[in-house]
Amino acid sequence: MIPASFDYHRPTSIEETLSLLSKFGDDAKILSGGHSLVPAMKLRLAQPGVIIDIGKVPGMSEIRQDGDAIVIGALVTHYQVESSDLVKRLCPLLAQTAEQIGDVQVRNRGTIGGSLAHSDPAADYPAAMLALGAEITAVGPKGKRTIKADDFFVDMLTTALEPNEILTEIRVPATGSNKVAYLKVPQSASGFAIVGVAVNLTTNGNSDCKSARIGITGLSARAFRANGVESGLAGKALDAPTIKSASSKAADGQDPLSDIHASGDYRAHLARVYTQRAIEQALS
Amino acid sequence: MKIDGTHTINAPRDIVYRLMTDPVVLARCIPGCEKLEPAGENSYTTNLKVGVGTIKGNYTGKVTLDDVQPPAHYKMLVEGKGNTGFVKGSGIIDLEASGNTETLVKYEGDVQVGGTIASVGQRMLQGAAKMMASQFFTAINAEAEAAAKAEANQEPVKPPSHGFFRTTLRWLAGLIKGWFGRRSESQ
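From first to last, the protein sequence lines are chains P and U. Read in the working numbering, the first sequence has 492 at position 155, and its numbers run on one by one without any break. Read in the working numbering, the second sequence has 1644 at position 160, and its numbers run on one by one without any break.
Among the hints, a few may not be true.
Label-pair ranges, simulated between beta-carbon atoms [said to hold, decoys possible]:
hint : chain 1 : residue 1 : chain 2 : residue 2 : range
1    : U       : Thr-1548  : P       : Pro-500   : 29 to 39 Å
2    : U       : Ala-1523  : P       : Val-375   : 50 to 60 Å
3    : P       : Ala-526   : U       : Lys-1642  : 46 to 56 Å
4    : P       : Ser-544   : U       : Ser-1574  : 51 to 61 Å
In case anyone wonders, no lab produced these hints; they're calculated from the structure. For each residue, glycine too, the CB sits at the ideal point set by N, CA and C.
Could you build the full structure based on these sequences and the hints that come with them?
And the structure:
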C-alpha cells in the first residue's frame, strides 16, 4: 500500500519544530530516518495528517566527545555510529549494537533518535542504552530535560517523551575497561531481535565482577534491565556456574511476547541462553 | 487471542457495576472513545481513536451488553473495523465485593483480530490489549472513587477528568508501583 495522504513540513530549527508540534498536536509525527515510521505509514498502521521532517534541523547530526562520555545527535545514522572511530574506541558496545541493526540500507538511513523515540519492543538500541546507563536529552516548550535510560522505556512503543517534545541527543558514558557484548537472535526476514542481550560488566582485572548492567530487548513489551541477572553477578567471581545461575534469571518478572516467530516460553528460554552466551562473549 | 485479568476498584460493588454498565461513563473510560451512542437495547455504536505509540487507528464499531445480571455479572460483545484491520471479541465480566469498600473485577475475553495489524503487528497485540485494559480500569477506578466519595458526602458526583495525560499519569503511577512490587519480589 502507499501511505494515506499527509501534509509535509520541513523545519530548519528546533524552535520551528516545536511550534509545528504544538500547532498540529496529535495529528503530527516527526520524521527522522523514516525506517520505523514510513513502513508503518505504508501499511497504513500509522496515518499522521502532518509529517514534520527534521532532517534539516542543525545541531543533531554529530558524534562528539564530552569528557568521559560521547554525545550523539538524534539524526546520527546507525552506519555513522557503527563506523565512528570515537565510538569504537570509547564505547564499543554501541558500535557492536549498531552494526547488527537491520541491514545495510536500514543502517544508512535509520537514526538513533528515531529508533529510541519509536521504542519498538524488538529494537536493538534500547538494550544497549539500558546496559550503558545512557541519558537522553529532550527539548520541549518548557525547555530542555534529561531522561535516564532506566526511566525512558515505559511500555510498548511508549517512551517517557511527551508528545510535544523532540529527542535531540543521547549521552553515552565511555565503557573504559568494562567487558561488553551485544548478542541477538535475529528474525531472519526483518532482522529484528527475537531476543537481544546487551551486557556491560565492570570487573576487577578479569575474573571478579564488581557490578553488571544487562539490557534485554525482544522479550517483552519494552526493553528492560535484567535485575536478577545483575545481582547474580555483582561482587562474584565470574566462573561458569555463577554465570549460568545468574543467566537463569534473565526472564524473571517479565511477561514474554508471543507470535508466530517464537512463543513466550521459547523467548524466555532464548533470553536465558543468550544472556549466558553474551556474558561469555564479553569475557572472552 | 485470549485476554484476561483482575483489577481492584476502590469502591463498593453496586457503584462499580452501575458505572461499568453506564454508556456515559464507559464513553469516558474506554481509551480513545469519542462517542458511545445508543443503537437499540443495550447496544451502542462507537467511534474509537486509539493506538499505541506510532500505530494509531480510527475504528467504528458496535458494543453490546448481554446477560446483564446486576450487580455481579455481564457479557460485553465488541466489533469494530478501522484503518488497521478489524476486531471482534466478547468478554465476560464478573464483579466480586471485597469488603464494603472494594470490588474485584475479573474479566475473561476472547478477541479475534484481523487485517494488517494482525498479520504485521501480531507480537504487539497482546501487549496493546493489556495496555488498553489497564487504561480502562484506571479510568473506571477514578470514576468509581469519585462516585463513592460523592455518595458518602451526599453531594452530586463530579466526574474526574480523563484527559490523555491524567489517565497516562495515573496508569504510569500504577505501573511504577507494580515495578517496585516486582523488584522486591525478585530480591
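Here's how the hints hold up against the structure:
{"no.": "1", "hint": "Thr-1548/U with Pro-500/P: 29 to 39 Å", "verdict": "holds (33 Å)"}
{"no.": "2", "hint": "Ala-1523/U with Val-375/P: 50 to 60 Å", "verdict": "violated (38 Å)"}
{"no.": "3", "hint": "Ala-526/P with Lys-1642/U: 46 to 56 Å", "verdict": "holds (53 Å)"}
{"no.": "4", "hint": "Ser-544/P with Ser-1574/U: 51 to 61 Å", "verdict": "holds (58 Å)"}
Consistency with the previously given hints fails for number 2 only.
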